[in-house]
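Protein sequences appear in the order of chains F and U. Note that the numbering used here has the first sequence beginning at 540, numbered continuously upward. Note that the numbering used here has the second sequence beginning at 39, numbered continuously upward.
One should not assume that every hint holds.
Some, not all, of what chain U presents toward chain F, calculated at C-beta under 7 Å [to be verified]:
{"#": "1", "residue": "A115"}
{"#": "2", "residue": "A135"}
{"#": "3", "residue": "H137"}
{"#": "4", "residue": "E142"}
{"#": "5", "residue": "G147"}
{"#": "6", "residue": "V155"}
{"#": "7", "residue": "D157"}
{"#": "8", "residue": "T159"}
{"#": "9", "residue": "L391"}
{"#": "10", "residue": "P392"}
{"#": "11", "residue": "A393"}
{"#": "12", "residue": "L394"}
{"#": "13", "residue": "L499"}
What the hints contain is simulated information worked out from the structure, not anything from laboratory work. Please read these numbers as outputs of a predicted model, since none were measured by experiment. Just so it is clear, CB atoms sit at the ideal spot from N, CA and C, and this is done for glycine as well.
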Amino acid sequence: MKTTTSFTAKALNALGPLLALILIWGLFYSFGNQAIGSSEGIESIVQQTVVIGIGAIGMTFIIISAGIDLSIGSAIALCSVIGAKLAVSDNSPAIVTLVTLLAGAAIGLAIGLLVVRAKLIPFITTLGTLLILRGIALGLAHSQPINAQEANWLRFWLNSLPENMRWLIIPPGGWLMIILAALAAGVLRFTVFGRHVFAVGSNEQTARLCGVAVDRIKLYVYMIGGAFAALSGLMLVSYQGQGDPTGATGYELDIIAAVVIGGASLSGGVGSVFGSLIGALIMTVIRTGCTLNGIDESTTRIITGTIIVAAVAIDRLRRKAA
Amino acid sequence: MSQPSSDAARLEMRDIRKAFGAQIALGGVSLKIHAGEVHALVGENGAGKSTLMKILSGAYQPDSGTMFVDGQPYAPANPADGRQRGVGMIYQELSIAPHLSVAENIWLGIEPQKGLVLDRTKMRTEAQATLAGLGHGTIDVDQPAGQLSVSHQQIVEIARALSMGCKIIVFDEPTSSLAQADVQRLFDLIDQLSRRGLAIIYISHFLEEVRRLSSRLTILRDGQSVACHVTSAITDDAIVAEMVGREVKDLYPRSQRQLGEILLEATIPQRGTLTLRRGEVVGLCGLVGAGRTEFLRAVFGLEENTSQKITIAGHSQLAEPRNNWLHRMGLVSENRKEEGLALELSIADNVCLPALKKVAKLGFVSPATCEAHTVEWIDKFGIRCQGPNQAIGRLSGGNQQKAAIARLLEADCDILLLDEPTRGIDIAAKAKIYEIIDQLVADPIRPRAVLMVSSYLPELLGVCDRIAAVRRGQVGEATPVAQTNSEKLMRAATGV
């Protein structure tokens with residue numbers, strides 16, 4: 540009996556954000572421009588979600604471990620510049636991808652070392668790296684976007700699907716995001732590393748007492764976050780056709796909001812990768828819906844902000860009830 | 039030097055020494071515990087019990103001395119290492135990861151794997167078996183551990199220690215957060231563990247618990263092991279005398295008290311009425327959850343629905359904390375750590391907080407004045423600390439409590455509401471607090487009034503002038519101590 544209720548509660552917890560997504564999408568579809576349900580509409584939603592969504596996968600690891608990375612937007616921009624630069628100088632796709640991912644992981648490693656070794660608070664540390672990484676991106680690109688239209692292999696991921704590939708339904712980047720999310724969810728749920736990430740976020744002292752290598756877990760978590768930020772940067776190049784040192788500004792807030800809407804707790808120990816993806820989708824659906832219905836930018840922002848606050852408030856009530 | 043023999047003790051600690059700077063925490067402590075033995079460790083706070091246990095667990099390294107487990111040298115590098123070598127700790131503050139499941143908590147740090155992934159089946163079945171072996175097979179191993187009751191969380195910790203193969207388990211004040219029935223169950227469990235051949239070290243301030251469980255006990259004082267006794271062969275008085283290093287003649291001093299005018303009249307709807315006069319101590323007894331604390335908090339305006347009036351020194355007014363301080367009524371919360379004190383702030387900041395005006399000029403707080411005032415209280419109450427600027431969280435519970443009472447007096451309070459003022463503090467600090475309370479109400483120039491809640495009847499009978507029983511939220515008549523005894527009070531509290 541007890542197990543059934545807790546199972547139902549678990550299912551409800553996981554389904555909550557999904558129901559919210561369907562509700563919001565349904566509202567726009569029923570009362571607004573039905574283009575949001577067309578294949579172009581869905582494609583556009585996916586295109587816009589992938590950059591945030593892939594970043595949110597990495598951020599989920601960080602937030603579950605009770606950390607935070609405010610500089611992920613800057614990291615995405617920096618990696619988009621690195622990726623675009625490498626791509627336009629005729630490197631092979633494998634080299635471009637590998638080097639960019641390594642750059643992202645290195646950024647994560649640097650943040651992780653500051654948090655673990657120098658024992659700085661993640662919030663303040665990454666407030667600093669937010670500026671530092673943005674500065675490096677601007678310097679590397681001489682403050683100019685780097686055109687990468689020519690790199691067809693990169694454009695392929697988030698371009699509109701050509702006629703002969705319609706069977707994919709959504710752009711390949713969308714599938715990549717889903718596959719990576721499934722892998723990440725598996726790692727979190729089924730590996731020792733994954734459970735240790737939860738343990739560190741839930742009660743760091745206990746984890747240490749039980750012999751969990753807390754510092755190493757934190758380093759890995761930030762490196763994973765950095766690598767996903769790098770991939771997110773490559774997706775940004777794919778979507779916009781350029782590496783933009785001023786791009787992805789404010790994405791850290793979208794990404795953190797997506798993770799929290801998806802059910803994660805900023806105090807750690809709770810979170811789900813699929814929840815985060817749904818959170819990212821909710822953010823994009825609101826934005827796309829507002830655009831399609833001619834709602835101006837100021838109202839869109841107010842609506843988005845309200846929904847974030849409401850999501851967190853509902854989550855709090857739900858937790859209290861449980 | 040070390041000769042492992044057939045009768046080797048399960049644990050032996052030899053001449054352990056540890057100093058922090060100039061302060062010597064342990065000056066050569068030895069301890070020997072056999073398999074199947076429950077060995078109690080008693081001593082005042084600051085006697086070195088926790089330092090000794092931290093060395094045993096691996097959290098601290100000793101300056102000198104050696105340890106042996108089953109005759110083998112034992113020198114853990116850190117707590118995780120100590121656990122793997124067979125020494126498990128169950129602390130007063132439980133250490134579980136609330137979001138992980140029971141099974142995951144039991145296996146934390148030693149998770150079994152099948153290839154790259156967790157072996158969940160093994161985790162579940164073996165966790166289930168361990169819990170069943172402890173007589174708690176009903177605990178759902180898939181449930182998040184944070185949803186369990188405190189007593190069940192403790193069981194999970196014990197199961198974790200057993201899963202790690204611990205041969206020595208240290209219980210540090212394990213009953214402080216448990217209800218009475220759970221305490222009994224824990225005692226039975228500890229008996230069972232010792233019958234299995236584990237060596238148990240049991241730390242407690244409650245001598246009745248020590249008597250119930252232990253076969254032998256070691257007394258620590260000022261970082262020295264004073265004596266090791268067979269528990270049944272020593273009296274409580276002798277234990278206390280060895281703990282504090284002197285005879286405690288009168289635990290509850292009672293000076294000549296002069297009853298004065300009525301200071302407080304509180305009528306709380308649905309809870310009852312109480313009056314308090316200058317120069318007396320009134321106690322509230324009752325079972326946990328009967329509403330003693332709630333009554334005290336309602337008087338202070340901390341309960342919800344606080345529109346009730348109270349009368350302080352003849353003036354009727356709203357019960358509201360800010361108001362109360364102005365009218366010289368202060369409260370010491372039962373919850374030192376969460377509510378009572380700002381643990382990161384200094385002793386001076388904590389003591390001066392409600393009366394900053396006193397130490398301020400033109401609205402600017404003078405730290406020097408605040409420190410000077412605090413130093414007076416430190417001297418007067420014998421607060422053991424490095425100075426007024428030490429963070430209050432670094433003090434022992436007893437010294438924190440003295441500072442909490444000093445805060446009320448710094449704010450010139452005449453009415454002191456004390457909620458469980460001696461909970462979790464050692465016997466010497468308790469004696470000091472009884473002495474302080476007595477001096478306050480018997481002060482010839484300015485006698486104060488004290489209203490205190492306590493779960494410990496002997497304490498109430500020793501300290502109070504009148505005692506009221508609280509039952510199901512209702513405060514009964516306050517009876518003079520001369521006309522009552524613990525049996526009558528128990529009856530009033532339980533309604534038998």
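Consistency of the hints with the structure:
Evaluation of the A115/U hint against chain F yields a violated restraint, the C-beta minimum of about 11 Å exceeding 7 Å. A least Cβ separation of about 4 Å between A135/U and chain F falls short of the 7 Å threshold, and the interface hint therefore holds. Evaluation of the H137/U hint against chain F yields a held restraint, the C-beta minimum of about 4 Å falling below 7 Å. A distance limit of 7 Å between C-beta atoms decides the matter here; for E142/U the minimum to chain F is near 6 Å, and the interface restraint holds.
For the restraint placing G147/U at the interface with chain F, the shortest Cβ-Cβ distance is roughly 3 Å, inside the 7 Å limit, so the hint holds. For V155/U, the interface hint holds, the least distance from its beta-carbon to any beta-carbon of chain F being 4 Å, beneath 7 Å. At its closest, the beta carbon of D157/U sits 10 Å from a beta carbon of chain F; the interface hint therefore is violated under the 7 Å criterion. Interface restraint check: T159/U against chain F, minimum CB-CB distance 12 Å, threshold 7 Å, status violated.
At its closest, the beta carbon of L391/U sits 26 Å from a beta carbon of chain F; the interface hint therefore is violated under the 7 Å criterion. Interface restraint check for P392/U: the shortest CB-CB distance to chain F comes to about 30 Å, outside 7 Å, so the restraint is violated. With a cut of 7 Å, the hint placing A393/U at the interface with chain F is violated, because the nearest CB-to-CB distance is about 33 Å. Taking 7 Å as the C-beta cut-off, the interface hint given for L394/U is violated, the closest approach to chain F being about 29 Å.
Restraint check, L499/U versus chain F: the minimum CB separation of about 40 Å is more than 7 Å; hint violated.
Consistency with the previously given hints fails for numbers 1, 7, 8, 9, 10, 11, 12, 13, ordered from lowest to highest.
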